[in-house]
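Residue numbers (this note's numbering), protein chains in the order written: chain A, 66 to 273; chain B, 66 to 273; chain C, 66 to 273.
Mixed in with the good hints there might be a few duds.
Heads up, simulated BS3-like pairs for lysine-lysine below, C-alpha to C-alpha not over 30 Å straight-line [to be verified]:
1. A:K94 <-> A:K153
2. C:K153 <-> C:K94
3. B:K94 <-> B:K153
4. B:K94 <-> C:K94
5. A:K94 <-> B:K94
6. C:K153 <-> A:K94
Per the computed footprint, the stretches of chain C lying under chain B, defined by three or more beta-carbons under 8 Å from a beta-carbon of chain B, are [said to hold, decoys possible]:
7. 118-126
8. 171-183
9. 253-265
It is worth saying that the hints were derived from the structure and are not from the lab. Just so you know, even glycine gets a beta-carbon here, dropped at the ideal spot from N, CA and C.
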Amino acid sequence: MGSSWILVAFDLAGIFVFAISGALVAVRKQLDLFGVLVLACVTGLGGGFLRDVLIGVTPPASLADWRYLLVPVAAGLLTFVFHPTLGKMEPYINVFDAFGLALFCVTGAAKSVEAGLSPIPAAVMGMVTAIGGGMARDLLAGRVPVIFRGELYATPALAGAGIAAVLTYYDGPEVVAAFCGGSLCLVWRLVAIRRNWTAPLPRGPASV
Amino acid sequence: MGSSWILVAFDLAGIFVFAISGALVAVRKQLDLFGVLVLACVTGLGGGFLRDVLIGVTPPASLADWRYLLVPVAAGLLTFVFHPTLGKMEPYINVFDAFGLALFCVTGAAKSVEAGLSPIPAAVMGMVTAIGGGMARDLLAGRVPVIFRGELYATPALAGAGIAAVLTYYDGPEVVAAFCGGSLCLVWRLVAIRRNWTAPLPRGPASV
Amino acid sequence: MGSSWILVAFDLAGIFVFAISGALVAVRKQLDLFGVLVLACVTGLGGGFLRDVLIGVTPPASLADWRYLLVPVAAGLLTFVFHPTLGKMEPYINVFDAFGLALFCVTGAAKSVEAGLSPIPAAVMGMVTAIGGGMARDLLAGRVPVIFRGELYATPALAGAGIAAVLTYYDGPEVVAAFCGGSLCLVWRLVAIRRNWTAPLPRGPASV
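So that you can see chain A by itself, here it is in the shape it has in the complex (with noise of 0.2 Å):
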């Protein structure tokens, strides 16, 4: 009981730091207020819309209840009016979207296997639900996504939807679960922007 209402409120955080991050991408792009709202829920709700569509647990959670809605869209107001002001502070939303990041990965990681599935198939999926917000954010703003180009991002997702998955998988309590796949997640993100490490780039001249 108590740990669920953990749970939903850690969720709706992660949501409204996401939905920041897509209505900064849109007023940059200096897209009008629909833009903005469009882009704040599609990056906070986007990612688990396509893990609930994937694993056929329709309508996602997120449409069933109502409240879902109103929080990136709140965040998207937010933004629209106070964005010189979120946009200076970008580096802690950085820090604010890991967290994001690391509990998204683990409850899609768990639903996932609570739909039937296997711990590697779940573990794509964790990460798919912490990374598919963004990617549908900058397919909309109409650039490649930015995790493609070098930051250390998704791979701190597989691997804490991955410990996440295999504990679930195996009966592990939900509470561990989630704690070892989300602090590992974390921190590894964390350090990486820290210490800016990058994902590898392809070695030598592509041919055409």
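Here the structure of chain A is known, so what remains is to put chains B and C in place on it, guided by the hints.
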């Protein structure tokens, strides 16, 4: 019986007009015949597909009934051949498009309520039905969705879908829900076209 | 039993070849290792995902069986390391790609008929299975899908899928349906590559 016949006719008319707008974009991007047909189908059917996948009503009605596929294909072929004429008729097409918008937001909201959604998510799904095809068209054509660029397009659809969703949810007669929601969306959109109403843009310089 | 083993082997071979084409695009766009792997997976599995989500067969087979995930990951890693060599082999890859196209259109159509679709929508779903991965690849790589640009690629897939759909729908033997549809698609596509057949473009200047 009669009313259902009218609804199907309206639905096909909306698909037809949306498909023409998709095919015109494809012609301007110099895509080949196949690209024209795909953009016609995606624009005409995409919003309903997205809604049906999200609310879990699969396969979508337009896949179960093959006649729904013929309409956008016919619209695409017509546009492929007669695009110089159709392109000049675009102001008139915008008016028909407003009818399509009004119809799709209303039927999308009603189907979502029937699938078990509460009014707020159902209103959002109604809007998604009305604008999703155009967004998918713009993604495939390689441009940021035009509805993010200031034109007042989605707000009337959301308003109309909201009214239809609330009336359907509280067991109002289907015809009344469709008429009230559809009229609001249609009139608002037509006035917005006429008076060049735009959605607000963010103020101040965006931080980089 | 034996025929089913062959089908799985063909399916995996098709995924492998499609995944290499996705990874090569990613290398050319200078994406990082993660981007290469994602484009490999999306190109190899995306068409089947899209079909399964639309016909309501979730989770997709490639999520239920983790071996389906290993094949595109392996193809992506190979391409990441050996892309200068693989890039030069592209003419050969196009021939393998034609085999993948033929296989995917046939299996996609058959699965759609089994899910209850009638022949015309099933044929369209077969084509979607065959071309959907490549379209998603191009969207994520930030370019208009190459199949809209004149190459004769989707039409053979639609024709092959149509034959397979009709034969499966009228209870023809699975092997015959697969062979007839697949052969038509394969031969047509190979001749189109050889003779540079293109799809027709719109005539006359497009209105602005």
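Cross-check of the supplied hints:
no. : hint             : in the structure
1   : A:K94 <-> A:K153 : holds, 16 Å
2   : C:K153 <-> C:K94 : holds, 16 Å
3   : B:K94 <-> B:K153 : holds, 16 Å
4   : B:K94 <-> C:K94  : holds, 22 Å
5   : A:K94 <-> B:K94  : holds, 22 Å
6   : C:K153 <-> A:K94 : violated, 38 Å
7   : 118-126          : holds (count 4)
8   : 171-183          : holds (count 4)
9   : 253-265          : holds (count 3)
Checked against the numbered hints listed earlier, the structure breaks hint 6 alone; every other hint is satisfied.
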